[in-house]
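Protein chains in written order, with the numbering used here: chain A, 1 to 65; chain B, 1 to 268.
Honestly, the hints are just simulated from the structure, not real lab data.
A hint or two may mislead.
[Stated by the list, open to error] If you only want the chain A side, here are some residues facing chain B, beta carbon under 10 Å, derived:
| hint | residue |
| --- | --- |
| 1 | H17 |
| 2 | G19 |
| 3 | T22 |
| 4 | H29 |
| 5 | S31 |
| 6 | A40 |
| 7 | E43 |
| 8 | S53 |
| 9 | A55 |
| 10 | A64 |
Cβ coordinates follow ideal geometry from the N, Cα and C atoms, glycine included.
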Amino acid sequence: MDKDILIKRAVGLIAAHFGDSTAKMYEKHFSSLSEDAILATIEELLSEIVGPSNAKKQTAILCAL
Amino acid sequence: MKKFYFILMLSAVFVVQAASYTLINDEDLSARAETISYLLPPLIAVVCGVFLLRFFNIRHGRGLSLSLIVLGLAGWLLGEVLWVLFGILDINQTPSIADLFYIIAYPLMAAGFFMEIKRGKVEWTAKKALFLLPLLAIGFYFTIVYGIIGAYDAEASIFENMINMFYGVGDTILGLLVAIILMIIWEYRGGKIFFPWLYIFMGVILTLIPDILYAVYFDAYMEGLSPYRYLDLVWGLSYLFFAYGFFALGQLVKDIQNRISVPPPAEE
């Protein structure tokens with residue numbers, strides 16, 4: 001998946017859960033990471049916040065899009 | 001504000017409310033203290049909700065669902081203010097325009113919680129159905145029998161009966177919300193967001209129980225008889241749980257933001 005698209009989707013997911021201001025902060029952070037690191041970061045973050053099972057579901061949707 | 005001080009403040013508000021209902025012997029002073037302490041919890045809940053919304057864009061995502069829930073609570077707050085005002089001015093408290101604000105809150109909150117289900121990708125599984133359906137059946141039985149049928153008063157006007165039954169319908173929606181929030185909590189188990197939703201769930205449960213009792217013991221409550229007048233304390237507690245749920249959710253978002261705003265340690 002193209003990195004820019006991945007960042008856009010990951011940021012969208014963060015915005016939906018934790019608000020736009022949080023998403024903007026992560027957008028900047030993600031631009032310095034590789035695709036794998038972005039996915040790992042978002043799965044780790046979601047796992048901690050929404051729980052491991054829901055995080056898996058959310059990241060699977062993110063990758064499938 | 002730190003969690004400890006916030007809990008301390010909410011506890012103090014509840015203690016003041018409980019004291020104003022139980023400890024003051026002077027009738028005038030008691031009435032005034034009850035009025036102020038009665039309005040404090042819903043006001044705090046709405047203020048906490050508005051503070052939480054500053055993290056979100058209220059046009060989409062969790063911001064939209066939370067804003068609908070907060071709007072519902074604001075409806076209840078307006079209803080409470082009008083209820084108290086009509087009481088002071090010796091105007092009929094129910095049926096009145098206050099009822100409109102109370103009733104409008106139910107569909108608003110329902111919409112907010114339904115959106116939350118959608119965002120959480122919460123799925124209806126056989127295991128969940130097995131657990132939730134009996135609870136839903138019991139909840140519906142109580143709300144329909146006591147909230148709708150029990151609220152019917154042969155001596156009251158059609159309009160009054162309609163208002164009372166609308167509350168029953170609202171409580172049925174609230175019962176459905178309880179099931180929805182249980183599904184949300186179930187989905188988020190193991191995650192930090194589980195707890196704010198648990199507090200909000202407590203807020204809904206503690207609204208539903210006195211709502212049903214209010215419909216059943218309407219006359220005794222309106223006459224200010226004990227223990228029915230203490231229903232106000234349970235409603236007060238429910239608002240404080242909503243407030244704490246919003247506060248905890250805000251703290252969680254703040255925590256996530258702080259984590260990213262702290263630069264990672266430089267690699268050697």
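For each hint, the structure was consulted:
Checking H17 of chain A against chain B: minimum C-beta separation of about 6 Å stays under 10 Å; hint holds. Restraint check, G19 of chain A versus chain B: the minimum CB separation of about 4 Å is within 10 Å; hint holds. For T22 of chain A, the shortest C-beta to C-beta distance to chain B is roughly 5 Å, which falls under 10 Å, so the interface hint holds. Hint on H29 of chain A holds. Least Cβ distance to chain B is approximately 5 Å, under the 10 Å limit.
Look at S31 of chain A: its Cβ only gets to about 13 Å from chain B, farther than 10 Å, so that hint breaks. Violation of the interface hint for A40 of chain A is found here, the shortest Cβ-Cβ separation to chain B being roughly 14 Å, above the 10 Å cut-off. The closest approach between the C-beta of E43 of chain A and any C-beta of chain B is roughly 12 Å, which is over the 10 Å cut-off, so the hint fails. Restraint check, S53 of chain A versus chain B: the minimum CB separation of about 7 Å is within 10 Å; hint holds.
Here the hint on A55 of chain A is kept, as its CB sits about 7 Å from the closest CB of chain B, short of 10 Å. For A64 of chain A, the suggested interface contact is broken, since its CB lies about 12 Å from the closest CB of chain B, more than 10 Å.
Of the numbered hints stated above, those contradicted by the structure are hints 5, 6, 7, 10, listed in ascending order.
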